[in-house]
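Undergrad: For reference, the chains in residue letters:
There are 2 protein chains.
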Amino acid sequence: MNTEILGLIAGGLTSIASMPQLIKVIKTKNVEDLSWLMLMILVSGLSLWVWYGIEQQELPIILSNSFAVVVNLSLLICYFVFRNSEK
Amino acid sequence: MNTEILGLIAGGLTSIASMPQLIKVIKTKNVEDLSWLMLMILVSGLSLWVWYGIEQQELPIILSNSFAVVVNLSLLICYFVFRNSEK
Chain A
1 MNTEILGLIA GGLTSIASMP QLIKVIKTKN VEDLSWLMLM ILVSGLSLWV
51 WYGIEQQELP IILSNSFAVV VNLSLLICYF VFRNSEK
Chain B
1 MNTEILGLIA GGLTSIASMP QLIKVIKTKN VEDLSWLMLM ILVSGLSLWV
51 WYGIEQQELP IILSNSFAVV VNLSLLICYF VFRNSEK
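First to last, the sequence lines map onto chains A and B. Going by full-length UniProt numbering, the first residue of the first sequence is number 1, and it counts up by one from there. Going by full-length UniProt numbering, the first residue of the second sequence is number 1, and it counts up by one from there.
Take these hints with a grain of salt, some might be off.
Since the list gives no way to pick one copy over another, a pair counts as held whenever it fits inside one copy or between any two copies.
Unchecked claim - With a straight-line cut-off of 25 Å between C-alpha atoms, the simulated SDA-like cross-links for lysine to any residue are:
| # | residue 1 | residue 2 |
| --- | --- | --- |
| 1 | K24 | G12 |
| 2 | K24 | R83 |
| 3 | K27 | V70 |
| 4 | K24 | I41 |
| 5 | K24 | S35 |
Hints were generated in silico from the structure; no laboratory data involved. The model shown is predicted, which means the values in this text are computed figures rather than measured ones.
Starting from the given sequences, assemble the full structure and let the hints guide the process.
TA: If you want it as structure tokens, here you go:
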């Protein structure tokens with residue numbers, strides 16, 4: 001199998017699996033299960049993966065990790081927005 | 001920067017960020033926030049990333065995704081063990 005297609009399928013699956021948490025947080029506005037510290041560590045790690053993908057010129061890595069950065073930055077924004085609205 | 005070291009740091013950060021959920025589930029034995037379907041999709045995607053890493057001969061991808069497979073398979077096992085013990 002073409003490894004780029006393999007990587008795109010892999011990235012598609014891991015991207016799909018990351019969506020329910022964001023959808024749930026947006027729907028319920030409940031952020032008490034989120035840890036801003038872990039989200040920051042995760043976004044840092046994912047950003048480094050994007051950088052790694054750019055250095056290696058690998059499209060599946062760039063695409064899937066960029067998507068994950070957007071999802072987890074959104075969670076981080078939700079955390080700070082909804083945390084304050086709860087009090 | 002050496003891209004392999006960059007990838008290993010990226011993988012280390014995303015691996016650290018995946019641990020708290022597993023630790024929390026093991027401590028609280030509460031699995032109602034887990035979705036077995038999403039865990040299955042995630043483990044499938046992560047396994048394909050390991051395969052991709054092997055095809056591309058990239059150690060950081062193989063290591064970090066293998067670790068993530070172990071973490072999420074553990075979550076899946078916890079889900080089925082603790083779900084039954086709750087009833």
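Undergrad: Hint by hint, note whether the structure agrees.
TA: Hints versus structure:
no.: 1; hint: K24 / G12; in the structure: within (20 Å within a copy, 27 Å between copies)
no.: 2; hint: K24 / R83; in the structure: both (15 Å within a copy, 20 Å between copies)
no.: 3; hint: K27 / V70; in the structure: within (18 Å within a copy, 30 Å between copies)
no.: 4; hint: K24 / I41; in the structure: both (21 Å within a copy, 17 Å between copies)
no.: 5; hint: K24 / S35; in the structure: both (15 Å within a copy, 12 Å between copies)
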